[in-house]
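Trainee: Residue numbers (numbering that gives the first Met the number 0), protein chains in the order written: chain A, 0 to 375; chain B, 0 to 547; chain C, 0 to 352.
Heads up, some of the hints might be wrong.
Claimed, not checked - 30 Å max Cα-Cα, derived DSBU-like pairs, lysine-lysine:
| # | chain 1 | residue 1 | chain 2 | residue 2 |
| --- | --- | --- | --- | --- |
| 1 | A | K13 | C | K129 |
| 2 | A | K13 | C | K307 |
| 3 | C | K73 | B | K371 |
| 4 | A | K13 | B | K5 |
| 5 | C | K307 | C | K231 |
| 6 | C | K207 | C | K180 |
Please keep in mind that the hints were generated in silico from the structure rather than gathered at the bench.
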Amino acid sequence: MSVSEYPVRRNPQKLIGAVVLIVVIVVAAYGVVTFWRPRFVVYTYSSFMDWGDEGADAVLERAFAPFEEEYGIDIDFVILSGDANFIVSKLNAEEANPIADVVIGIDNILVLQETARNVLEPYVSPNLGLINETLVDSLDPEHYLTPFDFGLVTLVYSMNKINTTTHPELANLTFADLAIHELASALVTEDPHFSSPGLSFLLSQIAVYEKILHEDWTSWWDTVEDDIDVEEGWSDAWSLWSTDPTKQFLVSYGTDPAYSANYLGTAPDTSIAPLFYENKHWAWMQIEGIGLVKNGPNPNLGKAFIDYCLNVAVQQEIALNQWMFPVRYDITLPEVYDYAIHPDEMSILNTLFNSTEIASNLQDWLQQYDAVMIPG
Amino acid sequence: MAPRNKGTYIALATPLVVLTVLLVYPVVSVIFRGLTAGAGMTFTDTVIFNWPYLEFTIFQAILSTIMSLLVGLPGAMLLARLKFKGKNIVRALIITPFVLPPIVVVIGFLQMFGQYGVIDSFLMWALRSGSSVLNLATDIPGIILAHTFYNVPLVILLVSASMERMNPEIEEAAEILGADSLQRFQRITLPHIMPSLIAATILTFLFCFMSFPIVLAFGHGSYRTIEVQIWNAFRWADYGQASSLVLIQILFTLTLALAYSRLARSSDGARGPTSSIKTSSLSSYRPTEVIMIILYFAAMLILVVGPIASIFRAAFFDPIAQRYTLDGFRYIFSGEAGGGLRPLINSLFYSSLATLLSVGLGIPLAYAHGSKTRFLRPLSSIMVLLPLGISSITVAYGLMTAIAVPTGLNINPWPIIVLAQTVIGLPFTTRSIEISRRSIDPLLIEQADALGASRLQRLFFVELPLLAPGILVGAVFAFAMAIGEMSATLFIALPQNFTLAVAIYDNLGVRKFVEAGASALILMVACIVAFLAMEKVSEESVGGILKW
Amino acid sequence: MVNVELKGLVRVFADGTSVGPIDLLVKDGELITLLGPSGAGKTTALRMIAGFIEADKGSILFNSKDVISLPARKRSVGMVFQSVALFPNMSVYQNIAFGPDMAEWPHERTVRRVEELAGLLGIQHLLDRKIDEISGGEAQRVALARALAKEPALLLLDEPLSALDPQLRERLQTEIRSIQKRVGITTIYVTHSQDEAFAISDRVAIIKDGRVVQVGIPEEIYDRPATEFVAKFLGSGNVLEGVVKETKDGKSFIDINGIVLDGREDLTVGETLRLSIKPEDITISSDMDSDSAKGRVISIIPQVGSFKITLDFQGAHVVALSQDEALVKKLREDENQTVSFSFRSEDAVILKD
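Bound conformation, chain A alone (with noise of 0.2 Å):
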């Protein structure tokens, strides 16, 4: 064999050092084109801005573009799996060093908590005026979060499965008649702890037991722990429940049957089943708001955000993309809007209890309600 055809040995630190470079390299490249904008984080939660026909990415670009432009700044919207209340504990994991700016979800209820308020801080925006003031009152009158959109958390039913003719209680519906096991165990609701509409559900039934009937409230959930179906999220219920024809409810909005009509391009399939008592129907009102993120990095710039969403621009999206009232009192609404229901032709359940009993009593409600549903 001539010299040339033996097998030279390589230097291994060349090579090793070659690899450790390129490794580094890509990574380094991932990472930086991953962390390296200045930016404006918007937290908020899955599904926001995505029910309509062009879906979030279209509807956010268009509504908020003049903001970025006004400001140079590329916002950041955090899409959140699940709803609101992972929001908040998240902001709560990241409170020695939040990154998020201004928060979008934070509802009625969730505002009362200490978890919440503790991320928030409280800031009055001038442009309140463009909104009703009892909507702000409702809302949080201390200002840690500024009204964004609002409606009615209401059981709704397809009326493909069943109507009014053959099960005529749906028009005058009380817990009673949900309890009966045929309709029970048609019933879909969310998880008290992690959906907004769920944790409204369940305020809505401890509302009527504890004011109107005066029973023990728990007593209807152990009737039904068995039948019912509790979702983790709305976007799980709403999926299951539109996808499984034995289940019949669904605990969601009141403006599904605008929703229903819109998809539908005539008149909706889906109807409104609010509770009835003492000869009234009621629903339960949902306002969710924006907050400012205590210490956020980006404080003026989040109050000029909070200022923004309150503009036109803004607000007129909400009703076709959010399924939900804009909270400006000049937007017109789109026509399917007719077959929605507005908080004034609903007594509202939440003025049954007074602001403070909720806020102190929610937690072991929610421990309540946790014992009662363990199986078995």
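Given the structure of chain A, go ahead and fit chains B and C onto it with the hints provided.
Mentor: Using the frame of chain A, we list chains B and C on its own:
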């Protein structure tokens, strides 16, 4: 041993330091902060409130373990004693369930035993029913069955390996002395396989105790284990409760992990030859026994092969629309916002990084574990065992609070995901490399020294090539574990960080079954390919990795 | 090329046993064998010289320079193990070239060196083979080439041929010796085989219980074993006990159970001595005159060129060599025969113990 220099000490100590920073410190700080800071439930309240969940955790773990043993023992005996063709294939295939990610198992189970699944559809057709007849993939039956599915292979492999090492002449002597088969089993077989039985029991219990995806999916929020409760408590910002639960869980799991290492080590005695094992063919059994054996095989087929095969169906069959479709795969390769391409890329990227890190940490850790230096060995022993006794959720929780938040990484926590996946897979990688390292002829090392190689040269030219099979197996193991990891990733990830495993869970929640099925199929194929590669490279079965 | 001096080399093990102190001088270019029973400490001593085991006390001098604190890779030592220990992931060429490669020799120089050694050892045709494709004997040659490649100062061989069959072993013995002489490298060889040691060594050092008992050229230690152990180990001597009897003209007589040896000097009367007599120095005859010592035949073992006859002499075993076929035939026919044996006085070596 030749004298060590400082560079070697640094190299060996590095993984220990890294693990301390990435594992010990976050978990300890989480527990400490939770117990003292006062946010949320106190420790005693947590114990009281969670008592039913603790009971359930232990209850389902015990039940699952018993089921696994009951189903697995006959299988072990059959594998050891029955003569049939293709035994090696069966032996290799049997461990398949164990290498599947739990979330993939969930999909398989839903498809096989769940509503409108394979069995349900058959029963609906047979009984001419329009609605679902049998749904086993839910609540307690679902959890227990899925756990059994997972752990029966473990029981079979561990116990049959022990059985095969038994000297058949002992049994023959007993037979000549007049013992019948039950007596022989009681007096001879059982004591011999006892260590492996104990090892299998502890491992199974530990796994079921810390089980997350299976309980999450089948428990529907009503049935919760401690692991699920930690996840819940964190999500509703009750850090006191979360930390207290972490502490409770660690007390249990570390004790078990310790017990396992002690018992498994002591049973790893003489590795006798397996060639002389006495096997008998099917014809040598009585007719009733033959029927039972056939029934057993059929049951195993349904329980084990069924769900795995069902995943193929899950990838194509949409139960809501009741039709076969390619939508699942369209989802996988869709680069849109809700599409599966991003999770797929994330999965590949994070898992590859985690694998690199696992190997990079595993090699020095394996050396430290085999070191003769006084403190290095027990310290690295602890470090390797630790991730086994700490649940994935705890690891994720610790990393998020102790590392992600202060560094601001939580804006896009993909590095944390990679770190969590690394830590979770590290014990197995290290173990594999260590097995390889032990089999290196020490004389080769001495030759390299005598011939003038520096430590680095010796490592690179002599040791690493010989370690290569162990490193490869360890790397593939780490990759399979990382890509299937769901618990920690779910905890940490923002939607843009979703991996395929998390996407499966997410899609399940919104009942996008085909999308979940297709993703599960891809993960399953990846894991099986990885496993086959491992088997090919290492002569010793992957089961060796499980012995400490 | 070095001369090696071991001074007071000691190694204490964890279980309390120890090897040493060892004192030995190895001359430049010589092949010295450490010979002794298993567990005597030969391998330990060798490994201390190589640097694989740390010595607890003493010094190892290479050309008067103490290397005891040098790590193995800096000692310029080539080593061949019994188990060969070739690097399994490399070819024959790469194995031999390992030392030069690690020292980063220029490629041509390495190639030339490898080819030179391969030619020396007759393995040129194996250079591109994998390690698992060569035979045991070929492997040992590769190991030797590998050890010599970097032109070390010292060559150590630890029972390199023990695992090979006897014919191959003999052949390789001579090869190793001739190569060692050709290259002129100082070599320390370890074996428990006396034949091997005597066949190839310039000098032999007998090791017992971790210490050097006797050093010398093969003939010297065979003829004049220093202690009973050496005599018995080499099979070079029957060890008999005798008492010193009266002195006459300055010379004493030694009485071995009736056998009287001629006068020796410098002995104390009444002293008990042990003496060694080589089997080949003992003559056996069936002539039963009363003068010679008598012994009862226990066994007769034929071997190359002679018969080994073991006698019982008043309780002690005496081994003698005889070439008398007729005598042996006669002895075989009659069981339990008694024969007479004798030897010259000067053939009895007094053992110091």
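Trainee: Starting from the hint list further up, note which numbers the structure goes against and sort them upward.
Mentor: Those not satisfied come down to hint 2.
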